[in-house]
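Q: So you can see what is in the structure, the chains are spelled out below.
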Amino acid sequence: MNELIRNPLKILGSTTSAGGYYQNVNITGECQFNGDVDCLKMSLTGEARIAGSLRAKEIKITGECVANGGIDGLSLRGRGELKTTAGLRIDSIKFTGNLDVKGECEAEEIQLSGAFNIDGLLSAENLDVSLYGPSCAMEIGGSRIRIKRSKAGRLLKLMKFKGDVMLKAGLIEGDNIELQHTKADMVRGDHVVIGANCNIGTVEYRDTLEIHKSAIVKHQVKL
Amino acid sequence: MDKDLISKKELLDLTGISYGQLYRWKRKKLIPEDWFIRKSTFTGQETFFPKQTILARIHNIINMKDGLSLDELADKLSDMSSLNSTALTAEDIVSRNIVSQMTLNKFGNLTSGQSAYSFEQLIILYTVDYLLSSGEMSLEEAELLSQTLVETAAKFEGKSWDLYFVRKMGVTSFILALSPSELVFDEGVRLVNKLSLGDLLEQLKGKLS
Chain A
1 MNELIRNPLK ILGSTTSAGG YYQNVNITGE CQFNGDVDCL KMSLTGEARI
51 AGSLRAKEIK ITGECVANGG IDGLSLRGRG ELKTTAGLRI DSIKFTGNLD
101 VKGECEAEEI QLSGAFNIDG LLSAENLDVS LYGPSCAMEI GGSRIRIKRS
151 KAGRLLKLMK FKGDVMLKAG LIEGDNIELQ HTKADMVRGD HVVIGANCNI
201 GTVEYRDTLE IHKSAIVKHQ VKL
Chain B
1 MDKDLISKKE LLDLTGISYG QLYRWKRKKL IPEDWFIRKS TFTGQETFFP
51 KQTILARIHN IINMKDGLSL DELADKLSDM SSLNSTALTA EDIVSRNIVS
101 QMTLNKFGNL TSGQSAYSFE QLIILYTVDY LLSSGEMSLE EAELLSQTLV
151 ETAAKFEGKS WDLYFVRKMG VTSFILALSP SELVFDEGVR LVNKLSLGDL
201 LEQLKGKLS
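In the order they appear, the protein sequences are chains A and B.
FYI, the numbering for the first sequence is 1 to 223, going by the working numbering.
FYI, the numbering for the second sequence is 1 to 209, going by the working numbering.
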């Protein structure tokens with residue numbers, strides 16, 4: 001295969017671009033891409049709208065990034081809002097803010113402070129979420145899953161921030177699961193800890209189960 | 001006719017793997033997306049897998065994963081080129097229990113100048129042997145199947161096919177269709193068995209590695 005020529009792209013202010021192959025993409029301001037973007041490193045301060053998919057080794061966001069396609073990469077860092085309509089596949093995610101994914105969200109490491117809205121499967125080796133707002137996912141799967149509510153989440157609730165700071169999920173499966181403030185139909189795992197304010201339909205566990213006194217678990221089954 | 005399915009829970013119990021491993025393999029594309037079959041049961045949503053295929057695949061992954069990274073493994077499992085170049089002698093085939101001696105004697109006539117069986121020939125022998133040993137097929141029918149496969153399987157040029165084995169009023173037919181396919185028959189037709197190349201390959205891969 002021919003080696004692609006990758007040029008850097010620097011944007012200050014407000015622009016549109018056709019998209020394409022780039023080395024480093026630096027955006028300060030606002031940019032609209034009318035096609036797929038493939039780059040080595042994307043640093044964004046401000047807002048980017050991509051009409052296609054985004055593929056980048058490193059993604060660093062302060063602000064908002066909306067892709068009308070999938071986002072693939074090795075690492076995602078930053079704070080703000082990330083929206084995609086066709087799945088998110090990134091090795092390591094460390095993000096503060098809101099993740100909005102249509103399709104599947106796959107990662108090895110996810111450390112998220114904020115909220116997420118995933119219309120599909122959220123799959124990660126290590127998932128560590130500190131909830132700041134109402135979140136939902138159809139399915140969550142992985143080996144270590146930890147959901148807790150941040151202290152700030154409680155403050156936001158007092159200020160009548162949109163809806164309860166709760167995670168709603170259909171199915172949660174993992175080896176080690178720790179949940180707080182979660183409403184789920186089904187939880188399956190080896191070691192399961194159901195923390196404060198959970199409402200779980202059925203818990204199936206293999207080894208251990210702990211239930212906080214303020215949590216509701218309708219059925220529990222030891223396998 | 002539905003293939004045997006296995007639920008995720010049973011699969012984990014049976015193979016001793018964990019949820020983490022299963023999801024990791026799915027992320028690494030070691031287990032294809034379309035093997036995950038979602039169905040609602042009385043306990044809520046459950047995920048099922050085609051039993052034979054997934055068990056063979058997990059067996060392959062566990063046996064091969066020592067010394068290989070998951071990415072290399074994914075390449076290897078989806079890579080057919082190494083398999084296509086395998087050649088086995090008659091003794092190998094019988095000693096590894098891939099195809100029974102009887103089938104081999106009857107249908108494994110090597111063309112002159114050939115000392116080993118190619119992978120394509122193995123698939124055909126394996127298919128014939130599988131149906132014969134299940135007791136669904138008579139020897140004359142096996143003859144017809146072997147001939148059909150030898151003549152037509154190459155036409156698919158490496159694409160996956162499904163084999164339909166049907167009988168109507170005592171007359172047997174074999175139908176090969178590009179998979180995934182869905183055939184509808186008239187009332188008098190009885191579908192004896194349906195095999196897909198994907199399943200056969202998976203089982204064969206397991207026996208070879």
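To be clear, the hints were calculated from the coordinates, so they are not data collected in a lab.
Check each hint, because a few of them may be wrong.
Taking beta-carbon pairs under 10 angstroms as the criterion, some of the chain A residues facing chain B (in silico) [to be verified]:
#, residue
1, 38
2, 70
3, 72
4, 89
5, 100
6, 107
7, 139
8, 141
9, 142
10, 173
11, 176
Below 16 angstroms or equal to it, Euclidean Cα-Cα: the simulated EDC-like pairs (lysine to aspartate or glutamate) are [as the list claims (entries may be wrong)]:
#, chain 1, residue 1, chain 2, residue 2
12, B, 29, A, 207
13, B, 26, A, 91
14, A, 57, A, 100
15, B, 29, A, 72
16, B, 194, B, 182
17, B, 9, A, 204
18, B, 8, B, 34
19, B, 26, A, 204
20, B, 9, A, 190
21, B, 8, A, 108
22, B, 39, B, 4
23, B, 8, A, 204
24, B, 205, B, 120
25, B, 9, A, 47
26, B, 9, A, 175
27, B, 29, A, 190
28, B, 8, A, 175
29, A, 94, A, 72
Keep in mind the model is a prediction, meaning the values are calculated, not measured.
A virtual CB, placed ideally from N, CA and C, is assigned to each residue, including glycine.
Q: Taking the hints in turn, state whether each one holds.
A: Consistency of the hints with the structure:
1. Violation of the interface hint for residue 38 of chain A is found here, the shortest Cβ-Cβ separation to chain B being roughly 20 angstroms, above the 10 angstroms cut-off.
2. Residue-level restraint check for residue 70 of chain A is violated (minimum Cβ-Cβ distance to chain B is 14 angstroms; threshold 10 angstroms).
3. Below 10 angstroms, beta-carbon pairs count as interface contacts, and residue 72 of chain A has none with chain B, the closest being about 12 angstroms; its hint is therefore violated.
4. At about 8 angstroms, the closest approach between the beta carbon of residue 89 of chain A and any beta carbon in chain B falls short of 10 angstroms, and the interface hint on this residue holds.
5. With its C-beta approaching chain B no nearer than about 20 angstroms, residue 100 of chain A sits outside the 10 angstroms limit, and its interface hint is violated.
6. Because the beta carbon of residue 107 of chain A sits about 8 angstroms from the nearest beta carbon in chain B, less than 10 angstroms, this interface hint is met.
7. At its closest, the beta carbon of residue 139 of chain A sits 8 angstroms from a beta carbon of chain B; the interface hint therefore holds under the 10 angstroms criterion.
8. The criterion of a C-beta within 10 angstroms of any C-beta in chain B is met by residue 141 of chain A, whose closest approach is roughly 4 angstroms, and the hint holds.
9. At its closest, the beta carbon of residue 142 of chain A sits 5 angstroms from a beta carbon of chain B; the interface hint therefore holds under the 10 angstroms criterion.
10. With a least beta-carbon distance of about 5 angstroms to chain B, the hint placing residue 173 of chain A at the interface is held under the 10 angstroms criterion.
11. For the restraint placing residue 176 of chain A at the interface with chain B, the shortest Cβ-Cβ distance is roughly 8 angstroms, inside the 10 angstroms limit, so the hint holds.
12. Proximity of residue 29 of chain B to residue 207 of chain A is assessed by CA-CA distance (about 29 angstroms); at most 16 angstroms being required, the pair is judged violated.
13. With a C-alpha separation of about 14 angstroms, the suggested pair residue 26 of chain B and residue 91 of chain A falls inside the 16 angstroms cut-off, and the hint holds.
14. The suggested pairing of residue 57 of chain A with residue 100 of chain A is violated, with an alpha-carbon distance near 20 angstroms, which exceeds 16 angstroms.
15. Restraint check for residue 29 of chain B and residue 72 of chain A: satisfied, since their Cα atoms lie roughly 15 angstroms apart, inside the 16 angstroms limit.
16. At most 16 angstroms may separate the alpha-carbon atoms for a hinted pair to count; residue 194 of chain B and residue 182 of chain B meet this at roughly 11 angstroms.
17. Straight-line distance between C-alpha atoms of residue 9 of chain B and residue 204 of chain A comes to about 10 angstroms, which keeps the hinted pair within the 16 angstroms bound.
18. Under the criterion of a C-alpha separation no larger than 16 angstroms, the hint pairing residue 8 of chain B with residue 34 of chain B is consistent with the structure, at around 14 angstroms.
19. Between residue 26 of chain B and residue 204 of chain A the CA atoms are separated by roughly 22 angstroms; this puts the pair beyond 16 angstroms, and the hint is violated.
20. Taking the CA atoms of residue 9 of chain B and residue 190 of chain A, the gap is about 12 angstroms. The hint holds against a cut of 16 angstroms.
21. Between residue 8 of chain B and residue 108 of chain A the CA atoms are separated by roughly 21 angstroms; this puts the pair beyond 16 angstroms, and the hint is violated.
22. Distance hint between residue 39 of chain B and residue 4 of chain B is fulfilled; the C-alpha atoms sit about 14 angstroms from each other, no more than 16 angstroms.
23. The straight-line distance between the Cα atoms of residue 8 of chain B and residue 204 of chain A is roughly 13 angstroms, inside the 16 angstroms bound, and the hint therefore holds.
24. For the proposed pair residue 205 of chain B and residue 120 of chain B, the alpha carbon gap of about 13 angstroms is at most 16 angstroms, so the pair holds.
25. The suggested pairing of residue 9 of chain B with residue 47 of chain A is violated, with an alpha-carbon distance near 44 angstroms, which exceeds 16 angstroms.
26. Taken as a hint, the residue 9 of chain B and residue 175 of chain A pair is honoured in the structure, with Cα atoms around 13 angstroms apart against an allowance of 16 angstroms.
27. Pair hint residue 29 of chain B plus residue 190 of chain A does not hold up; C-alpha atoms about 24 angstroms apart against a cutoff of 16 angstroms.
28. Taken as a hint, the residue 8 of chain B and residue 175 of chain A pair is honoured in the structure, with Cα atoms around 14 angstroms apart against an allowance of 16 angstroms.
29. Restraint check: the Cα-Cα separation between residue 94 of chain A and residue 72 of chain A comes to about 15 angstroms, which is no more than 16 angstroms; the hinted pair holds.
Checked against the numbered hints above, the structure violates hints 1, 2, 3, 5, 12, 14, 19, 21, 25 and 27; every other hint is satisfied.
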